[in-house]
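Asker: Chains A and B are the protein sequences, given in the same order.
The numbering used here applies: residue 57 is where the first sequence begins, and numbers increase by one.
The numbering used here applies: residue 1038 is where the second sequence begins, and numbers increase by one.
If you're looking for bench data, these hints aren't it; they were derived computationally from the structure.
Bear in mind the structure is a predicted one, so any value in this text is a computation, not a measurement.
It is possible that some hints are incorrect.
Pairs of lysine to aspartate or glutamate, DMTMM-like flavour, derived with a Cα cap of 20 angstroms [as the list claims (entries may be wrong)]:
id, chain 1, residue 1, chain 2, residue 2
1, A, K199, A, E237
2, A, K170, A, D275
3, A, K202, A, E167
4, B, K1126, A, D221
5, A, K238, A, E214
6, A, K238, A, D211
7, B, K1119, A, E167
8, A, K220, A, E198
9, A, K202, A, D221
10, B, K1126, A, E94
11, B, K1119, A, E94
12, A, K238, A, D221
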Amino acid sequence: MDNSIATTEPLMPRETAVHEEHEHVFIPQHRHHFETEEQQREAGSFGMWLFLLTEIMFFGGLFFAYLLYRNWYYDAFVPASNQLSVPLGGANTAILITSGFFMALGVWAAEVRKRALLVLFLILTTVFGLAFLGIKYVEYHEKWEKHHIPGASFDISEFVNPPKDAAGKPTQHALPPDVAEKTQIFFFLYFAMTGMHALHMIIGIGLLVWLIARAQRGDFSSGYVAPIENFGLYWHFVDIVWLFLFPLLYLINRHPLQ
Amino acid sequence: MAHDTVHEHHYHDPANVTNPEHAEHHIVTPLQYGFVYIALLIGTLLTVLAADQNFGFMNPVIALAIACTKAVIVILFFMHVKYQSHLIKITVACGFFTFIVLVTMTLLDYISRAWGLW
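Chain A extracted, bound-state conformation (with noise of 0.2 angstroms):
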């Protein structure tokens, strides 16, 4: 057959063509304005990346601000930045990665279309999304016990007069001030890039919810796994941004620049 004709000739009856070629398989996910399948399934995976284009240019607007702000204030971020917990920040890096991998395992089960092994996997992904949420939730708390909240309630007083070690010796540099006025900058941004991953995670475990109900209704074993890959492709995502979140927040400032 020949394709060009087919694809610019509208009033070409497509499905006699079509026919011809090759036996008709019915495959019920299988919308009828598109030639194949696999034509489907390329066009629902280019959509998903297009639309985790402009998830990259939203957070690199905030990843953007971290790095201008933090060259401008950086003696304010030094001491702000070294306040976060690397140990829970570091489990929690551990934590959603290995919901990604329980993600992509899910995949693969919808692929050889393994109902139960895809309900189990999606439900472990489930699992370590809400511990990483359960962490950052006792990392949030901390921070509003400390007043270290931005705005008028915000409390300044460990930037300008640093806890001591058990020698006597400050943990951090003391601050002027007006420089540790600025550590609210940073715990702006910390608490607008971290809230918005946060976002994202509940937004993806209210999915995984919805998706879990239809896998065990047996949407997602016969053959179908495109809501399954696409969902994949916003988690692994938002995976994606934290791998970033966690050096430039918790890491990057262990070791100032004198």
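We have chain A already, so just place chain B on it with the hints.
Answerer: Structure of chain B alone, referenced to chain A:
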């Protein structure tokens, strides 16, 4: 001409109809995902250990290099981009390229405003 024969062959390739995008559904095995998972955990450990050492101005560079490596591994294997069509690969590359262009151009503006004060 041999060239014409090859062309004719492709022209009548039945896959042009049955699979016009020439996209195949590649299945990544759980074992491969396992290797990727371990690589990502090692990367996390490395970035935490590297942050404890004093590399001067190289600390952020090392941290970002490890983060970029981990992100590329996730994109290639967890997100299947290694096994996708050229269209998807180019789309992903374009997204990151555009992001880098936007960051670079915006940064040029900010840096040049307070020239010499950085």
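Asker: The structure should be examined with respect to each hint, and the outcome stated for every one.
Answerer: Cross-check of the supplied hints:
no.: 1; hint: A:K199 x A:E237; verdict: holds (16 angstroms)
no.: 2; hint: A:K170 x A:D275; verdict: holds (11 angstroms)
no.: 3; hint: A:K202 x A:E167; verdict: violated (48 angstroms)
no.: 4; hint: B:K1126 x A:D221; verdict: violated (51 angstroms)
no.: 5; hint: A:K238 x A:E214; verdict: holds (13 angstroms)
no.: 6; hint: A:K238 x A:D211; verdict: holds (11 angstroms)
no.: 7; hint: B:K1119 x A:E167; verdict: holds (17 angstroms)
no.: 8; hint: A:K220 x A:E198; verdict: holds (19 angstroms)
no.: 9; hint: A:K202 x A:D221; verdict: holds (18 angstroms)
no.: 10; hint: B:K1126 x A:E94; verdict: holds (16 angstroms)
no.: 11; hint: B:K1119 x A:E94; verdict: holds (17 angstroms)
no.: 12; hint: A:K238 x A:D221; verdict: violated (24 angstroms)
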